[in-house]
Amino acid sequence: MNDDLAVGIDLGTSYSAVACMQDGQPQVLPNEWGERTHASVVSFLEDATVLVGNNAKKNIITNAENTVYSAKRLIGRFYFSDEVKKAQAVMPYKIVEGPNNSVRLQVGQKIFAVPEISALVLKEMKAIAETALGREVKKAVVTCPAYFNDNQRQATKDAGRIAGLDVLRIINEPTAAALAYGFGKDIKQKICVYDLGGGTFDVSILEIGTDVFEVISTAGDTYLGGDDFDDRIMTWLADDFLHKHGLDLRQNKFCLQMLKEAGEKAKIDVGQFGAAAISVPGVCQSPEGEVLNLEMKLSADHFNKMVMDLVQRTFKVCDEALQSARLTAGDIDAVILVGGPTRLPIIRQSVKHYFQKDPMVGIDPDEVVALGASIQASALLNRDAAARGQASYLLDVTPLTLRVGTVGGYAEPIIDKNTPIPIEKSKTFTTSRDGQDRVLIRVYQGESKRAEECELLGEFEFTGFRIAYRGEVQIQVTFEIDSNGIVNVSAMDLETRQKASTTINLSSGLSEADILQAIDKNAEMELAGRAA
Amino acid sequence: MEPEFRAEVEALSQALDQLDYFGVLKLPQSAGMADVRAAYHRESRAYHPDRFAALPDEAVREQIGRIYRRINEAYTVLRDDAKRKKYLADISGPDRERKLRFTEVEEAEVKDAQKKKVEEQLGLTPNGRKFYAAALADIQAGRWEAAERNLKSALMYEPQNPKFKEQMALVEKNRPKVDFKIR
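For the record, the sequence lines run as chains R and Z.
Going by our numbering, the first sequence opens with residue -1, and the numbers climb by one from there.
Going by our numbering, the second sequence opens with residue 9, and the numbers climb by one from there.
Keep in mind that the hints were calculated from the coordinates and are not lab data.
One should not assume that every hint holds.
Said to hold, decoys possible - Just a sample of chain Z residues kept apart from chain R, beta carbon distances all over 12 Å, derived:
(1) A19
(2) L27
(3) P57
(4) A62
(5) Q129
(6) N135
Claimed, not checked - Okay, the calculated beta carbon distance ranges per label pair:
(7) Z/A46 with R/D362: 47 to 55 Å
(8) Z/N135 with R/Y467: 18 to 26 Å
(9) Z/A97 with R/D21: 52 to 60 Å
(10) R/F181 with Z/S21: 31 to 39 Å
(11) R/K355 with Z/Q148: 34 to 42 Å
(12) R/E410 with Z/N135: 40 to 48 Å
(13) Z/A19 with R/P343: 56 to 64 Å
(14) Z/L24 with R/P343: 48 to 56 Å
Claimed, not checked - When the alpha-carbon atoms are kept at most 25 Å apart in a straight line, the in silico DMTMM-like pairs for lysine to aspartate or glutamate are as follows:
(15) Z/K91 with R/E318
(16) Z/K34 with R/E205
(17) R/K415 with Z/E180
(18) Z/K119 with R/E470
All residues carry an ideal CB built from backbone N, CA and C; glycine is no exception.
Chain Z on its own, in the form it takes in the complex:
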């Protein structure tokens, strides 16, 4: 191993805990998905433990192992849109020092946010979701009156749900205007 590379490993392993994931992968924060992957491949070529498997010095192997594990960790977060967004917000905030590594707490927050988003899309209560789903099917089939009935029921369970209100407005616009029916 060349002395320059040895010095690089030493410096990187000292600085590792002060670097954010962009720093680990030597990327700007604006990097796109293809850049992230390219950087990961580039860093893998440099620090992949297989390259150093035959190295007799165990301490250096352990240093390189630690660096490479961090490279993998960085890639895992930066390749995932939701995780990356959350991470970027974390390291741009006042708590940057504590947030350099993406821990289980952040992981849980991302999952909660995703779950909430899904719930907002589909309704927060079981009955609200049920009527909303039925209403969407009715709209698809052009059964406007049935859709209106189902949306009214859904709104009874979740009067504030913006999605429900939005669909209701759509139904009211499209529903054929009939004042009375002739039997």
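Chain R extracted, bound-state conformation:
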């Protein structure tokens, strides 16, 4: 009986949630205190336990150096990427370089890979589900932003494994939201999912029928989210403070965290009440020893002006998605808003203006993704749903063009963006030197012809084919994108049909040995407030 249970987990930048199908309906599983969403914050306590969730969030200020948040911004990134540089400037925890240009986080004397941190969040979600359901949970569908590349998806999947979960599938957040919206409804519509999360923005255009959910196009920006709205308020507060007192609050990581908290609160207040009174008593001390307070008022108009360009950026992405789908805003039957920041009136009004219709109401933007994931989780476990005609099929696409590196620093397209997945495509390579015994290819994802402007997925080395004169050996390399959006590469000698062996030289991911080690490490760590 234990075997046929799987949950859906929305692993968000700021908040996560877990849901499960119960009596044919998807339900969000609350924790013991009735909380339905949980901060994706991991705090390492002095007694060697780990605190995850909304209580850990309080530690961002009091236990700043040992508390990790927004880890999703770093997952699957290389150490040299801009996002990592940006995070190093603002995050109170230490970001260090690991092997193969990977990112590691240092907490006290311990070093963690980013998926290990996400795994702790997943472990908490697993524990919440187990407490709520009263039984063990081993299988899950985990969501990720539609615009995530292969590295980020692979790392998300690794995080699940480390947490002791069998990850049945990685599905895209907007697709999950659409599934939750269309579930059990007999409708035929073209819908747009506008998903503004804490750290990422995605738009997907879908055509939904009774049981088929076809993603026509997807577009996104993995550098745009609610955090950027907070940043605007923070900058405004800090600039004003600098002007008044000659002190830059951003210089001190402790002050910076207080500022961040004030910024986030102000954003929520403006959204809810139309204005915010910001008050941070004792935000810092002047060199003369005087304790200074931060007192400001923020009106909705002022806030809207501050973030207008961010809002407009989201509609550039909408334009792109609609164009790829060969549709106009008027063709869309329903707009679904996903993510906490979409509660802001400025977003709702702008969406209404853009699509010329009110976004759907009655959909909880914080919970809909987890609900969709749980529907998919139960569908993947169920063997006879299809026979009973109760299944729904997700026809998703790859968000980015898959490319191979060629001479001169170019990257040639292999599989175009918005191609339905799973899919495979082959390309034939030939040796360029006499007696060549290895072929090296670099695989990229991105929309630029120049390799350096794309995201490197890895460097593959093929060996074990015949040794011959140059040009005589033809190696067929097959690129496959599976249902998770994860890329697999394999090669074969075309004449002998012999499979070449593949080694991955460069990759941001964890090796099999790393993962096995991480699984043990994760199992040893105890979640605070939970008896193991």
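Starting from the known structure of chain R, arrange chain Z on it as the hints suggest.
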């Protein structure tokens, strides 16, 4: 899984490399866009790997995975007008056997053809395009003499361009006929 379906999967996976994309989607070559999409949805209902995710037999899952990847491949080509046209020409030609799958070579040919079409529309040389664009703007604004000057310049760079000649004829027809000007 019913034995009939199992046999169907076996037969289809044997025949897969001999089928063209219309065969994969079980469509006639005359099928319209709506038919292509409907067929794709129909085949997805039958062969979507999610249906068989809980199946213990890995070999069957791999067979179904291969079939479904080919269904996606077929849909990608047939839903795109330019690719479909090229594909149809390929499989109707003498090389049919080798052209059943749309490879990067055909992909590149389609892209080249599209690029050429755009170039024919706008001119093949940078200067030709520049003068032609200016001339079109002049025609829009009714500045016939300026348009004529620009088209003459454009034709210096590309004397054979049919679009340029066509616009020139239009200008000559519309230009006010004045034999001399009084200053």
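Taking the hints in turn, this is what the structure says about them:
1. For Z/A19, the non-interface assignment is confirmed: its Cβ lies about 20 Å from the closest Cβ of chain R, beyond the 12 Å cut-off.
2. Interface exclusion of Z/L27 from chain R stands, the closest Cβ pair being 16 Å apart, more than 12 Å.
3. Against chain R, the non-interface label of Z/P57 is violated: not every CB pair exceeds 12 Å, the least being about 6 Å.
4. Not every Cβ of chain R is farther than 12 Å from the Cβ of Z/A62; the closest lies at roughly 5 Å, contradicting the non-interface assignment.
5. With a minimum CB-CB distance of about 20 Å to chain R, Z/Q129 clears the 12 Å threshold, and the non-interface call stands.
6. Residue placement check: Z/N135 keeps its beta carbon more than 12 Å from all beta carbons of chain R (closest about 25 Å).
7. At roughly 34 Å, the beta carbons of Z/A46 and R/D362 sit outside the given window of 47 to 55 Å.
8. Checking the proposed 18 to 26 Å range against Z/N135 and R/Y467 shows it is violated: the Cβ atoms sit about 47 Å from each other.
9. Separation of Z/A97 from R/D21 is about 55 Å and conforms to the stated range, judged on CB atoms against 52 to 60 Å.
10. Here the CB-CB span from R/F181 to Z/S21 is close to 32 Å, well matched to the stated 31 to 39 Å.
11. Evaluation of the 34 to 42 Å hint for R/K355 and Z/Q148 yields a pass: the beta carbon distance comes to about 35 Å.
12. Against the hinted window of 40 to 48 Å, the Cβ-Cβ separation of R/E410 and Z/N135 comes to about 30 Å, which falls outside the hint.
13. For the pair Z/A19 and R/P343, the supplied restraint of 56 to 64 Å holds, since their beta-carbon distance comes to about 58 Å.
14. Distance hint check: the CB atoms of Z/L24 and R/P343 are about 54 Å apart, consistent with the given range 48 to 56 Å.
15. The straight-line distance between the Cα atoms of Z/K91 and R/E318 is roughly 21 Å, inside the 25 Å bound, and the hint therefore holds.
16. With a CA separation close to 22 Å, the supplied pair Z/K34 and R/E205 stays within the 25 Å bound.
17. At roughly 47 Å between alpha-carbon atoms, R/K415 and Z/E180 are farther apart than 25 Å, so this suggested pair is violated.
18. With a C-alpha separation of about 29 Å, the suggested pair Z/K119 and R/E470 falls outside the 25 Å cut-off, and the hint is violated.
In terms of the numbered hints stated before, the structure departs from hints 3, 4, 7, 8, 12, 17 and 18, listed from lowest to highest.
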